[in-house]
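Please arrange chain B on chain A, whose structure you already have, making use of the hints.
Single-letter residue listing:
Protein chains: 2
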Amino acid sequence: MIKIYLDQAAATLPLPEVVEEMIPYLREKFGNPSSLHEVGQVARKAVEEARARVAGLIKADPEEIFFTSGGTESNNFALKSMAFAHQDKGKHIVTSVIEHHSIIHSAKALEKLGFEVTYLPVDKFGFVDPRAVKGALREGETILVSIMHANNEVGTIEPIAEIGRVIKEYNENLASKSGRRIYFHTDAVSTVGTIPVDVKELGVDLLSLAACQFYGPKGAGALFVKKGVRIIPFLHGGIQEGGRRAGTENVAGIVGLGKAAEIVSREMGSWNERITGLRDRLINGLQEKIDHLYLNGHPTKRLPGNVNVCVEFIEGESMLLYLGMEGIAVASGSSCTSHALKASHVLVALGVDPALAQGSLLFSLGKDNSEEDIDCVLEEMPPIVNRLRQMSPLYKKP
Amino acid sequence: MIKIYLDQAAATLPLPEVVEEMIPYLREKFGNPSSLHEVGQVARKAVEEARARVAGLIKADPEEIFFTSGGTESNNFALKSMAFAHQDKGKHIVTSVIEHHSIIHSAKALEKLGFEVTYLPVDKFGFVDPRAVKGALREGETILVSIMHANNEVGTIEPIAEIGRVIKEYNENLASKSGRRIYFHTDAVSTVGTIPVDVKELGVDLLSLAACQFYGPKGAGALFVKKGVRIIPFLHGGIQEGGRRAGTENVAGIVGLGKAAEIVSREMGSWNERITGLRDRLINGLQEKIDHLYLNGHPTKRLPGNVNVCVEFIEGESMLLYLGMEGIAVASGSSCTSHALKASHVLVALGVDPALAQGSLLFSLGKDNSEEDIDCVLEEMPPIVNRLRQMSPLYKKP
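Going down the list, the protein sequences come from chains A and B.
So for the first sequence, the numbering used here puts the first residue at 1; every next one is plus one.
So for the second sequence, the numbering used here puts the first residue at 1; every next one is plus one.
Calculated from the structure, these hints are not laboratory results.
Each hint should be verified, as a subset may be incorrect.
A few chain B residues facing chain A, derived, Cβ under 10 Å [as the list claims (entries may be wrong)]:
no., residue
1, M1
2, E17
3, Y25
4, S35
5, A43
6, N75
7, L79
8, A109
9, I195
10, P196
11, T248
12, G327
13, A329
14, D375
15, C376
16, L378
No experiment lies behind these values; they were computed from the predicted model shown.
Note that the Cβ used here is the ideal one computed from N, Cα and C, for glycine as well.
Just chain A, same shape as in the assembly (with noise of 0.2 Å):
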């Protein structure tokens, strides 16, 4: 029985104010918002009021925002729909070797299509250099720049708005040569929610958010299209969304996104305080207590919640079973890849041996931690590694 939840990362506990508000929209106002008729209408007007909140949260407006099932999509969306919409002036896409597999998979089925796609490497914290955007930047070829906010593994947090600059005065020059531009996509499913996120002060023309990442539900999520920005619809078909994304509207899931985006541009700031505190305690506690141990990411240029380490000598899906087995839920990495028994790569990507990354261990803390759960995690946790390590051939008894 889990005591502790210390797997945010993979899904946060919608708060109840969230799912009080949902559970209309799957009774009795169960209308379609394209219906006509009053019934549609009152779904209707509850997708707008929803609109209306997520775009507060990214101080956006609200036609600048069309909602998806998640971030997934958000990312197709952004970066296929882009490329394609755009092909004509050219075929190269910039982006990094750490964004989530919704990007660089994407990327590579773009490349079978025909695209080209530069996968800019990171320093051993994680972060892109944004000379490095720069210089991969090519006149006439290059269409679009997708670089996430936050990496979801390790937490490093990436100079956004600098590299916005960046390609603003990039496009400045071509302008002047042109007419024509570069865009800019940030994958922020990390950090909307979790941190302030201000599309302006980042000077992006696309962003990519998902409820389930801060007290939503799952299959909520929404992606910012700066206004002027010409993309095509990802998912064809009917005229929702303005004609840019298809589908009946998860009315249910948008109104619980919008609650949640509601509730944490007011929370946000006294809840991060206290669970930046508890990610510290946590760090300074494993360096403390368990040797050979390696916090992955920069020290403090992190999201407040990310605590990845790696433990040499053993697997980190071992700790995680034994940690389970102690009541404490946590991740080797990122949910969507957990099965792929693979190393991280956000990790092999920071310059983290293969080896070691395979000893890979992602806390992600929330609102609802506390002291007590840290302290339970620093007090289990040395045992366990002891216990794996007795047992691990690589690992040379002191």
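Okay, now just chain B, sitting in the frame of chain A:
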């Protein structure tokens, strides 16, 4: 205030048992099915139970069911992913002119990428001729046929099993010569959960379905892909759904889809007997009471709850508004294009005069409708039609 809801094709009221079963997965059972710990495994178990229930509804195997965000995604997935997966074998697709826009616009998008699409015509009832399908197949070029099981607007049930046999025969011939084959997809969003559907009897390789059509939630659907059929992901990313559909699962939605599938499997027969009676009562009553009123689609080979009529000399939208004021919710056509203000592509394809097509009205009936509902419509509608006709410059007063 709507008292009589006859727009079941746009949205059905989820069954109370469906919502009851969903709610825990928005609350305490909030885990990510990809998480290896107990919180995740509870969600995983629910997703797999839903998969078995959906498979049961269409007589498929659970491993042939891939969850999506709804009918539109399933149709995009089927068409685009099959096209890209098999383009080395040919770039020709056969579909019909009366498909849902999620098929037609996906096909148009593929045309822009170099695919060739044949849009088969239909007869005055909306039937696709299996011989026309056979005639459209091109050896070494055709890779996919996609014909809907029933039309969502006029309710005509297509001869899918016959078309399946035509394609099977063709493939047997083709295989003996070249080892190649043509795949067969049906958009069964309007039929699954509404009338019995058996993928083996239909002879299809792929089939789309959506929960919101049969008293389940919005935002949850599935694509059936027959074992052995090669398909690539439409949503790229993580390795959910056996690597075929990335993205954190909408667990609550999937649970609702599964529960709805389980209930309709059991109840559909008795519900349909009653719904068909109501449908015919409405058709007969309208034809008796209103002159210059024409039934669209086939008189009997139609969905149990579908009544689509054209009322000459007036506009569907005006009728819809007046009926709304009397507390009756209906549609003028597909909800996915309700704001398009164009004559329905389906009615035009059936040969309905475009002016007459503007006067279309779609009543869609479900298990919650009663004889009183029908009688109320039959009482309220004739005076509304009269009033509107008196205002119409096209109507010659008798």
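query = Against the structure shown, which of the earlier numbered hints fail to hold, in ascending order?
reply = Of the numbered hints, 2, 9, 10, 14, 15, 16 do not hold.
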